[in-house]
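Q: Residue numbers (our numbering), protein chains in the order written: chain A, 9 to 162; chain B, 9 to 162; chain C, 1300 to 1389; chain D, 1300 to 1389.
Simulated from the structure, these hints should not be mistaken for lab results. Cβ coordinates follow ideal geometry from the N, Cα and C atoms, glycine included. Take the hints with a grain of salt, since some may be wrong.
Only some residues are given here: those of chain B computed to face chain A with a beta carbon under 8 angstroms [what the hints assert, rightly or not]: (1) Val13; (2) Met41; (3) Arg45; (4) Ala152.
Ranges of calculated distance between the beta carbons of each label pair, as one might list FRET restraints [unchecked claim]: (5) Gln14(A) to Gly1355(D): 34 to 40 angstroms; (6) Met1326(C) to Ala10(B): 35 to 41 angstroms; (7) Arg155(B) to Asp46(A): 19 to 25 angstroms; (8) Thr1366(D) to His109(B): 38 to 44 angstroms; (9) Ala74(B) to Gly1347(D): 54 to 60 angstroms; (10) Ala1354(C) to Arg155(B): 31 to 37 angstroms; (11) Ala1329(D) to Arg155(B): 54 to 60 angstroms; (12) Asp46(A) to Val1358(D): 24 to 30 angstroms; (13) Ser55(B) to Pro1370(C): 32 to 38 angstroms; (14) Ser55(A) to Pro1370(C): 45 to 51 angstroms; (15) Ala74(B) to Val1358(D): 38 to 44 angstroms; (16) Ala147(A) to Arg26(B): 30 to 36 angstroms.
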Amino acid sequence: MAVRVQREAFDIGAEIDRLRAGRTSVGAVASFMGVMRDFNDGSGVQSMVLEHYPGMTERALESIVAEAGERWPLIDTLVVHRVGELRPSDPIVLVVTLSAHREAALAACAFIMDFLKTRAPFWKKERTPAGERWVEARASDDRAADRWQEGDGA
Amino acid sequence: MAVRVQREAFDIGAEIDRLRAGRTSVGAVASFMGVMRDFNDGSGVQSMVLEHYPGMTERALESIVAEAGERWPLIDTLVVHRVGELRPSDPIVLVVTLSAHREAALAACAFIMDFLKTRAPFWKKERTPAGERWVEARASDDRAADRWQEGDGA
Amino acid sequence: METAHGSVRVLYFARLREAFGTSGETMDLAPGLCTVADLRERLALRGGVWAEELAGSRVVRFAVNQTLCPPAHALSAGDEIAVFPPVTGG
Amino acid sequence: METAHGSVRVLYFARLREAFGTSGETMDLAPGLCTVADLRERLALRGGVWAEELAGSRVVRFAVNQTLCPPAHALSAGDEIAVFPPVTGG
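Input sequences plus hints: build the corresponding full structure.
A: Below, the structure written as structure tokens:
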């Protein structure tokens, strides 16, 4: 299990290949990549700056990944999150989960994203033609995280 | 939306990059890759042959992808499934879904895999130290597909 | 050479193809052979591996013209009917 | 220089950091400043942007020693307390 916070871009294919290298018990590789859009909340977005809370960020991501590992039989997990300045189409976050079976890999990947969205200390500031603005949290993200508390997780 | 059945290996990174190229409205890229394991149902597996029903395979995959597109706002979808002889660690299937938001991309990716597993005419034959054997369908795959009929899909 | 009722093409895949020793055949649509269930019964009457695979409660899937169909599905002349075990791809 | 109660480190992030014009400060743990809720109230009493962000019902998150904590969480000398808006990563 690995968690990285970095300014540099990442290569999803290389990350997945490295994670599953030599592991012949892996039957399922699920991944989620969040990408910067050029449009949000009704206006064009030219660039974005991602701020975070160094120290807590890594702790929060590790705790989310550890919780996923208690809920599902995962062989390995990778979370990479970028900080600093980003432009439209730039990848922001990557979550990869490896398991013997698809149910565990897919559910854990969704779970990690839902908790990352509500518990990992990152904040986005967008630059639009009308000026800079901090992105507001979405109520739907809280609901998405809440659904994992309600008994049937998978 | 594209569906491919092929003998050749595929490169997940290149497939994802090609699918999202030039699409700045994409905010979420979910993927699932099924990989050949070296162990199944209690014995080692040396190689595997995937048989399919040419013609129906493509129709079935296209119909599954179309149904996903009716259920979730997807920007594009790719399904690649290999046939022929495979060895442990070889990728078997790739599903990639693009959407503005993660919920749609992740749910559609899981949905497509669940239906592919129960409706697309592929059959696996494994070669083990004890001889060849056709893989038996799992009841859990039928249950996984059934859950999408029960009202709350997402 | 077709009968008055016409004929259908029947295809076998995977374990069934191997068990039956054939990947397909053409069958005449005789009276009493009207649905997918009738076809299963007719094939099972051949005995041997046919009965073994099709006479009992083993799960067998049918596709008519490349679409999965329930046993009650009616057959028409010219149909392509595929008979196979539950799928195991992915 | 610490008081008899000791002090805590308070950090601000994102919109709050910009609004307050500082990324953090050291505060003494005076009597009546025992919980995260007390800290929020104490800061809001400064008025201006502090009241604007903290006095009302706006959602503000608190982490104590890098773990998210509810308002009732008790503070201890030496704690690192972060105050920030709901997170928006991913």
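Q: Would you list, in rising numerical order, the hints stated earlier that this structure does not obey?
A: 1, 7, 8 and 14
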